[in-house]
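With the sequences and hints as input, model every part of the structure.
Chains as they are written, first to last, in the working numbering: chain Y, -18 to 230; chain E, -18 to 230; chain L, -18 to 230; chain R, -18 to 230.
Incorrect hints may have been included.
[Stated by the list, open to error] Pairs of lysine-lysine residues, derived as DSSO-like cross-links and limited to a Cα-Cα distance of at most 30 Å, are as follows: (1) R:K48 to L:K210; (2) Y:K48 to Y:K210; (3) E:K210 to Y:K48; (4) Y:K12 to E:K210; (5) Y:K210 to E:K210; (6) L:K210 to L:K48; (7) R:K210 to L:K12; (8) R:K210 to L:K210; (9) E:K12 to Y:K210; (10) E:K48 to Y:K48; (11) R:K210 to R:K12; (12) R:K48 to L:K48; (13) E:K48 to Y:K210; (14) R:K12 to L:K210; (15) E:K48 to E:K210.
[To be verified] Label pairs and their calculated CB-CB ranges: (16) Y:S121 to E:A214: 53 to 63 Å; (17) Y:V128 to E:G85: 41 to 51 Å; (18) Y:V128 to R:G59: 22 to 32 Å; (19) Y:G63 to E:R26: 54 to 64 Å.
These aren't lab readings, by the way, just hints derived from the structure by calculation. Small disclaimer: the values here were computed from a predicted structure and weren't measured. Ideal Cβ positions, reconstructed from N, Cα and C, are used throughout, including at glycine.
Protein chains: 4
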Amino acid sequence: MRIRRLRLNRDYADSLDGLAHRATSIGIAPKTAGLGQRVRWRLDREAGTARLENPPERLRHYVVPVKPMLGGLAVAPGFGLGAPPTGDTGRWGGNMDFNRIVEGATVYLPVHQPGAMLYLGDGHALQGDGETTQWALETSLDVEFSVQVLPGRALAAPRVEDDTHISTIGQASSLDEAARAATAAMIQWLEQDYGLDVSEASLVLGTVAEFRVVTLAGRNAAIALSLDKARLAGLTRDDRGTGLKPPSR
Amino acid sequence: MRIRRLRLNRDYADSLDGLAHRATSIGIAPKTAGLGQRVRWRLDREAGTARLENPPERLRHYVVPVKPMLGGLAVAPGFGLGAPPTGDTGRWGGNMDFNRIVEGATVYLPVHQPGAMLYLGDGHALQGDGETTQWALETSLDVEFSVQVLPGRALAAPRVEDDTHISTIGQASSLDEAARAATAAMIQWLEQDYGLDVSEASLVLGTVAEFRVVTLAGRNAAIALSLDKARLAGLTRDDRGTGLKPPSR
Amino acid sequence: MRIRRLRLNRDYADSLDGLAHRATSIGIAPKTAGLGQRVRWRLDREAGTARLENPPERLRHYVVPVKPMLGGLAVAPGFGLGAPPTGDTGRWGGNMDFNRIVEGATVYLPVHQPGAMLYLGDGHALQGDGETTQWALETSLDVEFSVQVLPGRALAAPRVEDDTHISTIGQASSLDEAARAATAAMIQWLEQDYGLDVSEASLVLGTVAEFRVVTLAGRNAAIALSLDKARLAGLTRDDRGTGLKPPSR
Amino acid sequence: MRIRRLRLNRDYADSLDGLAHRATSIGIAPKTAGLGQRVRWRLDREAGTARLENPPERLRHYVVPVKPMLGGLAVAPGFGLGAPPTGDTGRWGGNMDFNRIVEGATVYLPVHQPGAMLYLGDGHALQGDGETTQWALETSLDVEFSVQVLPGRALAAPRVEDDTHISTIGQASSLDEAARAATAAMIQWLEQDYGLDVSEASLVLGTVAEFRVVTLAGRNAAIALSLDKARLAGLTRDDRGTGLKPPSR
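Listed below in structure tokens is the structure:
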């Protein structure tokens, strides 16, 4: 699915203060009592910025550029899982909260059911990595997108591609398992589209891997592994995903 | 400690292929048998690039810009810990393997012992996030640095500052705990130097946090929380770390 | 809910061979290819034992006593969660797979909805800690139980009591978080029914805590913290859970 | 190493109140401020019991049977690790804090260095699972033991055997990894001494596994996987560990 257009369509967004459970250390916990309060941001669509509606003194001049993104994007999951809550995530996507799913990005999801049953939502005007405030700058968005079916390709995890990077999203019960899942999914992608074997793929990861925390706010934690496409320019890419034959070693 | 100059001084670096344990999923594990082999890279110091000395066919044109960094940087730890192995990490620094510790960066470490007992090493010509190959492009480096003692400031974790970002490094037995530690350490920094309370700091993190995996190759896992200083331009910074008084709320 | 009677009512049970994901190390992973096969056990209800229907040579004489238990037991969860899949777990119970939920045991669950909406199922003739084979010895059971409403008591987690032990079940995304949850829930119980403060409760746990892995087979991992009631004989228990006043310290 | 005799030799033991970091949930954290205080226990060697020297009112009648155990037991580790702190753990043993290492128990450790370099210590009069108070009832002990060298057997992890159970100790950065390590080590043991393949071993674990938390107080977490030897009576054990040939399946 390619997001052709993703634009703010109202002048405010609501967030929370505080820290998601996965962002809260035992030492900081006693200081977070009473947090989790709703906070309103004013969005300046012309300037493309956000600022607090009622800022405390120290944040009076805190103004940040917005970066509209889709937090939720999914197809129906495989057999046996039932209808997952919209807040959940899995191989089939879901409430992924990955801040690279912005205008111009392409998201690849594995189709499990006839008709795919695509749905999307959870517009964010801006979100730091991890969605540590549990709510990002939640707002409504105008969305235009196109969908294409790519037959015959196995996907271990959601993939995202934008102008500069390819990314895999590992989702699991812990960041540790999520990092492993993102790594395995990227190795699969490098194998399918670039014809690399695991040894070769590992040399690429060892030199140019970018691991970012995607979300700390969901039931699953998630980590994205992104590769800068400029660094991969010397490789041969075959988008048909047929898996070029690697040389014997 | 400020790294004034950090330059390559030889024409090769040695790495491994394969995946560190923390990067290996159960599914990928059977495919990694036999990996962990030494791989030599040629460094072109003029062009500032690295390429494999004996590339497999598919990586023949894989050329990447180097980014020399110091993997190890530490002071002596606090009482009761003994002399830690140089490969270990803690509040006192150690084999941190953070790829933002480059020329021009300033590293802040809490001094625990008279004389601090600073040491450094583990030069890398280039390293992806996580050091997933267990060895980065290991090489020797020319290092020039200056040291300054900043009295009276408590540091929960190592801090790094470069031209564009401030970063805290959370080091723990899991990425999950490391993310919590990095968050708590950044909140401490925002409190000390920017006068923010936890609620205010959480709003900054919720909008502009950048969480990167530092290392998957050590006994501790590590995550860095970085903030773009351009985003913090509207805040008032007091580098003396005295803790500006936050406004009452 | 008290389980008054829990008996086998058929002569076989079905299990799998193999290891649940949470029981599989990277080293053992390559040896588990092809496992996960269905295995039938014959149940001797007279003798109270189970043996494989078609045992491999080395397990020909492997006969184990059955211990019928209920894997699933739940009330409806709180607002906002929707209808959870029956395989999931939470404060409200669920597919807990705790092998102390046997005949004679009492299970305490926090009621979230009018009418509680109790349900139960997932009969196991026998299950080792952790349900490492993903399926225990799955079978049908005759169940008799009685239900009592205990108003005005807060429960952080499911509690189980049998003739010899009181147990709390911590359920979380990792065993590490589950151990913390079980500990916090037992401290709550010791506070409510035994009037202990956290310091006092910690001394009891430090001397007689029994931590068992409940399940490795679910989306949540779970750990039970059990205390032998004989060890608590010197304390004063007030089952009304009103929280006896602890002494000032 | 077999512990022939392990007896109390003084009349007191010192512990702490409070919760180790790995036992502390975010919710309980604010209530643990000020804990971690030293607490003295009186040991009645005749009766074999412990009670607090200065009990708070609610614990005045709290008397518990002692169960003397050795918290620390190790050989020198393999090459490249240096001399580990005595508080650390690994394949070579260390400050394991497993409360089944009592009089009569046999501990198997893999020898890495000429002469093995066995050491032991850290006497506990009593310790609950997990050593949640960071200190158990720390005391001195009279120890008699004998050592035997068993050539030609690989051990993935420390093993313990007593009258009733065989146990493997998984030690890792998290309980989740520790459970996996304990499982893999027990499968190795069942393979070596009972001739079972992974499928067969998994059926034994699925029915009679007992997973206990060993320690929450160390840098590594640990979980023991114990099997009741009465349940294994139908299997053929060959203690020479040569690995009986499993039948073809």
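Handout entry: Those earlier numbered hints the structure runs against, lowest number first
Key = 11, 16 and 18
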